[in-house]
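> Residues per chain, in single letters:
2 protein chains.
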Amino acid sequence: MKYVIGIDGGGTKTLGYIGNLEGKIIASSSSGPSNYHSIGIKRTKESLGDVINFLCNSVNASIEDIQLLSLGLAGIDRPEDKKNIEEILNFIGVKSEIILKNDAVSALVGAHGKEYGVITISGTGSISYGMDSKGKLVRAGGWGHIIDDEGSGYDIGRKALGAVFKSYDNRTEKTLLTEKILKYLNLKTVDKIVGYIYSNEITKEHIAQIAPVVFEAAYEKDKTAIDILDKAVDSLVEITETVIKKLEFNGDKINLILDGGILRSVKYMQNKFKERINKEINNINISTPLFNGAIGSLLIAWNHLNIEYSLDNIKIQIKEVNSNKK
Amino acid sequence: MKYVIGIDGGGTKTLGYIGNLEGKIIASSSSGPSNYHSIGIKRTKESLGDVINFLCNSVNASIEDIQLLSLGLAGIDRPEDKKNIEEILNFIGVKSEIILKNDAVSALVGAHGKEYGVITISGTGSISYGMDSKGKLVRAGGWGHIIDDEGSGYDIGRKALGAVFKSYDNRTEKTLLTEKILKYLNLKTVDKIVGYIYSNEITKEHIAQIAPVVFEAAYEKDKTAIDILDKAVDSLVEITETVIKKLEFNGDKINLILDGGILRSVKYMQNKFKERINKEINNINISTPLFNGAIGSLLIAWNHLNIEYSLDNIKIQIKEVNSNKK
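Here the protein sequences come in this chain order: A and B.
In terms of my numbering, the first sequence opens at residue 1026 and continues consecutively.
In terms of my numbering, the second sequence opens at residue 1026 and continues consecutively.
Looking at chain A on its own, in the form it has when it is part of the complex (with noise of 0.2 Å):
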């Protein structure tokens, strides 16, 4: 018997659903990150290596019964990308025909249970990504940490710190962040953050995850949280218009997806960013993803070997997955 694997791999974890050529789902297993740019090759050979393994132990078979494995991985843009994960891939035993897209991607599909509309996401990192009935697939933002990620977690997490010294420094005037910073980092005084943030175990995720303190300020009304919000939302605004822009909906209901710990979960962030965009796009409907990136993967895999699925029978089969996991 003959499956399809779909995977989602990131920079804190990686999951995984197999499937028949039925249309079915069988079973999910999860590992470590897979972001090879920031773990390195090794770490992402074992998760990667993990999840096919365990996928198909769960329907006792073995790799060479794998008929496409579809991932959407993080950091996946240029050729090189491609080939280094080929090179894993081949280490771990994979046989198959593969398909490989950013994470983005098999976010969209994933998100939106097709290959069609718009996604802006805004975690650690922040990208928008859309396609049109026509294919045509295309991204605004999304270009990292040092480039550009306006409107991320880790942009604002930065900002926010910024912020806190320019107070320090009597450039700018009192604000909340000094405080809630402190007490989020555990720290006493001001001076003492430029030693815990540069030391070398701080990665751009911890950066990102003082975020949270600044939705805090900004629920509390401190002026300098909310411009930085302010200026998070415009950004995430600017990407989705772009993308809106560069497709063609003839007419139709724009689907746009918030996904990510900043816009899916934070409802501050949300209603503002749904205010603007409402204001500013006509016929726009704002929802939250359908499924996770795996299963968009997973779909990517089963639309090329035209195979059928029912979106209502995934949803059953998900939670049946879920529930035998151990």
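Just to be clear, a hint being listed does not mean it is correct.
Pairs of lysine-lysine, DSS-like flavour, derived with a Cα cap of 27 Å [to be verified]:
#, chain 1, residue 1, chain 2, residue 2
1, A, 1256, B, 1256
2, A, 1027, A, 1344
3, A, 1270, B, 1199
4, B, 1108, A, 1213
5, B, 1271, A, 1217
6, B, 1199, A, 1070
7, A, 1271, B, 1213
8, A, 1271, B, 1217
9, A, 1256, A, 1297
Derived by calculation from the structure, the hints in this document are not laboratory data.
Given chain A, work out where chain B should sit, using these hints.
Same frame as chain A, but now just chain B:
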């Protein structure tokens, strides 16, 4: 015979001078970088050890003949930093009294030839420092590339990269920065910049080195480049004004020194900065540094020991010392 040593150590090199107790400079020496945060303890030991030993050998003295060692080092802000440097000096065999300052302080003293005045530095990073006649020392900015280094080369380089990608996404209009940065990086297409910037060998110095491309585009009237540089000037004016406001100059003429690759060597930035400062602050005199930070450290040492010296003689002695260099 006893001697004093003044050292200035940063991210690219370490410079030192040895003087006697009659206020005369006898020899100079330089070595590799000594910012232990970026290059580690081992290489910092080597650089500082090289400079100190060479200076002692130059005057046929042993390390025990040093009466006072004065250092201005990059990245020295916290008690832990002092402790680490003291351990390094102990390892090298230094037994004398030590004066340890942030390199911005020795830059200020060297630049003015006295412990008084204001200095605004924009190189890879940015900072403003000032000291008034009461010996009060204040700073603004200089919190590093993650927290806040507005107006620095890194800041300008990073924003230029962001602008190129905003234009590439069609979020903003075209800019000369695109072709100029591609040419500078020797890359063919914009998406290739991503792989370059996020490769492991890229440091914040590499990002700062993009700044000259922005100056070039601004000279050719590129709006995007001019905007980036205007904001950089705004930030440098802001930190300078903040420092001046915190000090008491009692109506005396305020001497402001501009230093660092951006403010010292780039006429475009220097002129815009001077124009803005002259408009906003009365009774200010802007110039470039009299001496470097290593001379600043030496002057701090002599001042501490109440040793008299003449700044004119120092100028002559530096020339002599430099011509004796191998």
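> Determine for every hint whether it applies to the structure shown.
A quick look at each hint next to the structure:
1. A distance of roughly 16 Å separates the Cα atoms of residue 1256/A and residue 1256/B; the hinted pair therefore holds under the 27 Å criterion.
2. For the hint pairing residue 1027/A with residue 1344/A, the CA-to-CA distance comes to about 23 Å; that is within 27 Å, so the pair holds.
3. With a C-alpha separation of about 17 Å, the suggested pair residue 1270/A and residue 1199/B falls inside the 27 Å cut-off, and the hint holds.
4. Among the hinted pairs, residue 1108/B with residue 1213/A is consistent with the structure: their alpha-carbon atoms are about 20 Å apart, no more than 27 Å.
5. The hinted pair formed by residue 1271/B and residue 1217/A meets the criterion: a straight-line CA distance of about 22 Å does not exceed 27 Å.
6. Restraint check for residue 1199/B and residue 1070/A: not satisfied, since their Cα atoms lie roughly 41 Å apart, outside the 27 Å limit.
7. The suggested pairing of residue 1271/A with residue 1213/B holds, with an alpha-carbon distance near 24 Å, which does not exceed 27 Å.
8. The hinted pair formed by residue 1271/A and residue 1217/B meets the criterion: a straight-line CA distance of about 22 Å does not exceed 27 Å.
9. Distance check on the hinted pair: residue 1256/A and residue 1297/A sit about 11 Å apart at the alpha-carbon level, within 27 Å; holds.
Comparing the model with each numbered hint stated earlier shows that hint 6 is the single one that does not hold.
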